[in-house]
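Chemist: Here is how the chains run, residue by residue.
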Amino acid sequence: MAVLNEEQTMLKDMASEWVRDRLPVTALRGLYDHGGGGGSGSDGYDADAWAEMAQMGWCGIIVPEAHGGADFGYLSLGLVIEELGRTLAASPLISSALVAASALRLAGTQNQQARWLPGIADGSLIGTLALDEGPHHAPERTALAATASGDGWALSGTKRPVQDGMIANLAIVATRTSGAPGDRDGLTLFLMPTDSAGLERQALDQIDARRPALYRFDSVNIAVNDVLGEVGKAADLIDAIRDRAAIGMAAEMLGSATQAFDITLDYLKTRVQFGAIIGSFQALQHRAAELFGELQLTRSAVETALAAIDADDPALPALASLAKATAGETLHRISSQMVQLHGGIGMTHEHDAGLYLKRARVAEQCHGSTAWHRERWARLNGY
Amino acid sequence: MAEMEPIDREEFRQEARAWLKANFPPALTNVPGLLFQGDAHAAAANADYQLWRERMTDKGWGVPTWAPRYGGAGLTEAHGKIIGEELAAIGGFNPIRSYGTMMLGPTLLEYGDEAQKLEHLPFIASHERRWCQGFSEPGAGSDLAALQTKCIDMGDHWLVSGQKIWTSGADQADWCFVLVRTDTERKQGGISFLLVDMQSEGIEARPIVLISGSTHFCEVFFNDVKVPKGNLVGEVNQGWTIAKRLLQFERNSLSEVKADITPLAPLAHDYLGTDALGRIDSPDLRARLVRNAMRHEAYMATVRRLAAEAKNGGPSHGVSALKNLWSGIIQERAELLVEIMGADGLGWAGDPYSAAEKEATRAWLHSKAFSIYGGSYEVQNNITAKRTLGLPG
Ligand SMILES: Cc1cc2nc3c(=O)[nH]c(=O)nc-3n(C[C@H](O)[C@H](O)[C@H](O)COP(=O)(O)OP(=O)(O)OC[C@H]3O[C@@H](n4cnc5c(N)ncnc54)[C@H](O)[C@@H]3O)c2cc1C
Chain A
1 MAVLNEEQTM
11 LKDMASEWVR
21 DRLPVTALRG
31 LYDHGGGGGS
41 GSDGYDADAW
51 AEMAQMGWCG
61 IIVPEAHGGA
71 DFGYLSLGLV
81 IEELGRTLAA
91 SPLISSALVA
101 ASALRLAGTQ
111 NQQARWLPGI
121 ADGSLIGTLA
131 LDEGPHHAPE
141 RTALAATASG
151 DGWALSGTKR
161 PVQDGMIANL
171 AIVATRTSGA
181 PGDRDGLTLF
191 LMPTDSAGLE
201 RQALDQIDAR
211 RPALYRFDSV
221 NIAVNDVLGE
231 VGKAADLIDA
241 IRDRAAIGMA
251 AEMLGSATQA
261 FDITLDYLKT
271 RVQFGAIIGS
281 FQALQHRAAE
291 LFGELQLTRS
301 AVETALAAID
311 ADDPALPALA
321 SLAKATAGET
331 LHRISSQMVQ
341 LHGGIGMTHE
351 HDAGLYLKRA
361 RVAEQCHGST
371 AWHRERWARL
381 NGY
Chain B
1 MAEMEPIDRE
11 EFRQEARAWL
21 KANFPPALTN
31 VPGLLFQGDA
41 HAAAANADYQ
51 LWRERMTDKG
61 WGVPTWAPRY
71 GGAGLTEAHG
81 KIIGEELAAI
91 GGFNPIRSYG
101 TMMLGPTLLE
111 YGDEAQKLEH
121 LPFIASHERR
131 WCQGFSEPGA
141 GSDLAALQTK
151 CIDMGDHWLV
161 SGQKIWTSGA
171 DQADWCFVLV
181 RTDTERKQGG
191 ISFLLVDMQS
201 EGIEARPIVL
211 ISGSTHFCEV
221 FFNDVKVPKG
231 NLVGEVNQGW
241 TIAKRLLQFE
251 RNSLSEVKAD
261 ITPLAPLAHD
271 YLGTDALGRI
281 DSPDLRARLV
291 RNAMRHEAYM
301 ATVRRLAAEA
311 KNGGPSHGVS
321 ALKNLWSGII
331 QERAELLVEI
341 MGADGLGWAG
351 DPYSAAEKEA
361 TRAWLHSKAF
371 SIYGGSYEVQ
381 NNITAKRTLG
391 LPG
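Protein chains in written order, with UniProt numbering: chain A, 1 to 383; chain B, 1 to 393.
Keep in mind that the hints were calculated from the coordinates and are not lab data.
Errors might be hidden in some of the hints.
Computed footprint of chain A on chain B, listed as stretches where at least three residues anywhere in the stretch have a Cβ under 8 Å from a Cβ of chain A [unchecked claim]: (1) 100-113; (2) 262-268; (3) 292-305; (4) 383-392.
Taking lysine-lysine and the DSSO-like style, the derived pairs with C-alpha atoms no more than 30 Å apart in a straight line are [unchecked claim]: (5) K81(B) - K21(B); (6) K368(B) - K358(B); (7) K269(A) - K386(B); (8) K368(B) - K244(B); (9) K244(B) - K229(B); (10) K150(B) - K59(B); (11) K187(B) - K269(A); (12) K269(A) - K21(B); (13) K386(B) - K12(A); (14) K229(B) - K117(B); (15) K117(B) - K244(B); (16) K244(B) - K358(B).
Counterexamples of contact, computed for chain A against chain B with all Cβ distances above 10 Å [said to hold, decoys possible]: (17) D13; (18) A51; (19) Q202; (20) R216; (21) R299; (22) A378.
Fair warning: this is a prediction, and the values are worked out from it, not measured in the lab.
Heads up, the beta-carbon is just placed ideally off N, CA and C, and yes, glycines get one too.
So that you can see chain A by itself, here it is in the shape it has in the complex (with noise of 0.2 Å):
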């Protein structure tokens, strides 16, 4: 755990005590369909818990003061995130308290942060980025076309999967204003409400039941002023926004990870066969005991990443991959143990080691899969 201050104290531990009251892994099984996959009507998130998360100031922990927000830095928010993620608590945060606010934050104008900030800030509205066009991140194959049209912009094509995509009030969407799919150059965001004509949302059924969306754009007009950062200028802000995004992530798959871990250390202590407590043998002592230390490297990594967006540290880039990589190899391994260590009981739907197993593999692949950051990881050391 990182050396923390009262306060940030004061918001983990509130956050773990709310997290397993109020959203424990049960209410996750209420989004779910028997066995998998989100149940029909369900939202992939609970109205109710995200009012009470906005009424306690948590989207707001990164937002400046001037625009409601507490300005309290990544490390606190990632503290939340952590405890989220132990029960795999579904919620819009880190789409909308973490990454769109960190692209307003990021290079908003005075009127797009007045505007849009202190709505993410207190919950009322809901942010995303619809970046990710296919089964794999790669920000600059955006082929999404966006066209000078009248004295905005039109939008075609489509966006999948956009996280938290059927709840969002506000999407910030990747554009394709010039050159082609692979060029880094011809980039821009945009600031879109979901609500604009032309644009055609459907949820994906997916394992963890969150409910991501397909975007289709269909000549979507979008006003000059909604423009966020330079015109065709955006892959470095696009850049920054995903590790932003990826750190994010990779602390909530460390409280996933950590949970995962002590489900899976209760059973071996508690579970007999062969006359003795399962714990006691020691191969399986020994696969503890590595996944332990897995789950230390993965906390330094994460830690030492929320630290570095706060300190503006310019090895954040590097720092980012390594703490989504980590998590990524790391979460891997011990959702897929805790299956294994469980037995038969691990294959069932009523035990919660599907749902881990499920969770872990959809956050391996949100904004960037393991893979992915270790190649950039390499690039970023010369490798």
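Please arrange chain B with the ligand on chain A, whose structure you already have, making use of the hints.
Modeler: Frame of chain A; chain B with the ligand shown alone:
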């Protein structure tokens, strides 16, 4: 421990920087300190090292947190950390670092009596007495408590007989801290912790050659060796408790941050070439190098995090997990370095191989010991499972 005020911290950093700059012999820049710390002959032959050692001794900065009467500087852990950082920044090393400072010293501070501390700590703080660790025996490795070396109370002295093995540096050491059996009825409860002068009558140390070609350790024979009564640390039969504490200090120092390890990427470019995008031209080896380098970075962050979290300084049970991470990552790195060099990483001697290549080969062979000494990989996992994770059995 009281936290240093940021302003004092910065002031001390400036002070340390200035003193080190004025006193560290430039000729020793980036020289592996281990050479002198481990090899008494090399140390004696090097005037720069001797000068550096004397200066650090006078300043007390080899063991900055020890009290001045024990040869230290009476500083806090935070001060000590700053000295270490500033030293690393100029490519320097601590000339005092030894088994004495890493293992015996901290143990004596906790368990020794005042006479023992005054007799030994100042000589550790000046690195004038070299110590070796007489724990392992032919029949007692991982199962250390099975040790048999006999120690009999003769009234006015102890009489020690038996055999130790794998005793690092025993042929060069002035003193040895030895675990001996004072009670044959109880296993752990029959062990005592003894300080033995290696010049004593009846001791013989025979060097053993390692796979890396060096003679890092010895077999040590004790034939009716007389040891003064006052050399027993703690109580009779309390040795196991003391030894466990010492092993924690050992693991802790083994997993300490080693000054930044040079990235292997440039070397890999040289040996393997690059593709059109400037990447190491071997996708599989590149992927393994990257994963190892990332794990190393996460490991360094872990060492920093645990140091910041450890409020009382001393090592915790988490140290076993840390030691395994360290040995695994460093061993893998040593393997990768040899693999980068290909057939040239497999030379033993002669001109056709560069000094760096021969060094890499031997360092790789030596690295195999990391998961054996100080408690093997498997034993560390046992400790983590039982003590840290609370698993039964
Ligand atoms: C370079 C080097 C320097 C050393 N320096 C010193 C020194 O200065 N002083 C000193 O006293 N000793 C020293 N040692 C000795 C070292 O501490 C022992 O080698 C170590 O404790 C292992 O003991 P062993 O060699 O008898 O192996 P064994 O204990 O016989 O182990 C053989 C294998 O069995 C495994 N094993 C044993 N018990 C268990 C178990 N319960 N569960 C699972 N697996 C198990 C081990 O992990 C290992 O893989 C040194 C060793 C090396 C390699």
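Chemist: If a hint holds in the structure, say so; if it doesn't, say that too.
Modeler: Here is how each hint holds up against the structure:
With a cut-off of 8 Å between beta carbons, the stretch 100-113 of chain B has 0 residues touching chain A; three or more are needed, and the interface restraint is violated. Coverage of the stretch 262-268 of chain B by chain A holds. Counting CB-CB distances below 8 Å, 4 residues qualify, and the rule asks for three or more. Under a criterion of three residues with beta carbons nearer than 8 Å to beta carbons of chain A, the stated coverage of the stretch 292-305 of chain B is upheld, 10 such residues being counted. For the stretch 383-392 of chain B, the stated coverage by chain A holds: 8 residues have a C-beta nearer than 8 Å to a C-beta of that chain, and at least 3 were required.
Straight-line distance between C-alpha atoms of K81(B) and K21(B) comes to about 17 Å, which keeps the hinted pair within the 30 Å bound. With a C-alpha separation of about 16 Å, the suggested pairing of K368(B) with K358(B) holds against the 30 Å cut-off. Proposed proximity of K269(A) and K386(B) is supported: the alpha carbons are some 11 Å apart, at most 30 Å. A C-alpha spacing of about 23 Å is found between K368(B) and K244(B), which places the hinted pair at or below 30 Å, so the restraint holds.
With a C-alpha separation of about 23 Å, the suggested pair K244(B) and K229(B) falls inside the 30 Å cut-off, and the hint holds. Between K150(B) and K59(B), the direct Cα distance comes to roughly 41 Å. Violation of the 30 Å bound is thereby established for this hinted pair. Restraint check for K187(B) and K269(A): satisfied, since their Cα atoms lie roughly 28 Å apart, inside the 30 Å limit. Between K269(A) and K21(B), the direct Cα distance comes to roughly 55 Å. Violation of the 30 Å bound is thereby established for this hinted pair.
The hinted pair formed by K386(B) and K12(A) meets the criterion: a straight-line CA distance of about 28 Å does not exceed 30 Å. Distance restraint check for K229(B) and K117(B): the Cα-Cα separation of roughly 15 Å lies within the 30 Å cut-off, and the hinted pair is therefore satisfied. Between K117(B) and K244(B), the direct Cα distance comes to roughly 19 Å. Compliance with the 30 Å bound is thereby established for this hinted pair. Proposed proximity of K244(B) and K358(B) is contradicted: the alpha carbons are some 37 Å apart, above 30 Å.
Remark: the non-interface label on D13(A) is consistent with the geometry, its nearest Cβ contact in chain B lying 17 Å away (cut-off 10 Å). No Cβ of chain B approaches the Cβ of A51(A) within 10 Å, the least distance being about 35 Å, so the stated non-interface status holds. Taking the minimum C-beta to C-beta distance to chain B, about 37 Å, the non-interface status of Q202(A) holds against the 10 Å cut. Distance check on R216(A): its Cβ is at least 35 Å (rounded) from any Cβ of chain B, clearing the 10 Å threshold; non-interface status holds.
For R299(A), the condition that its CB be more than 10 Å from all CB atoms of chain B is violated, with the nearest at approximately 7 Å. Residue-level check failed: A378(A) sits 4 Å from the nearest beta carbon of chain B, not beyond 10 Å.
The structure shown violates the earlier hints numbered 1, 10, 12, 16, 21 and 22.
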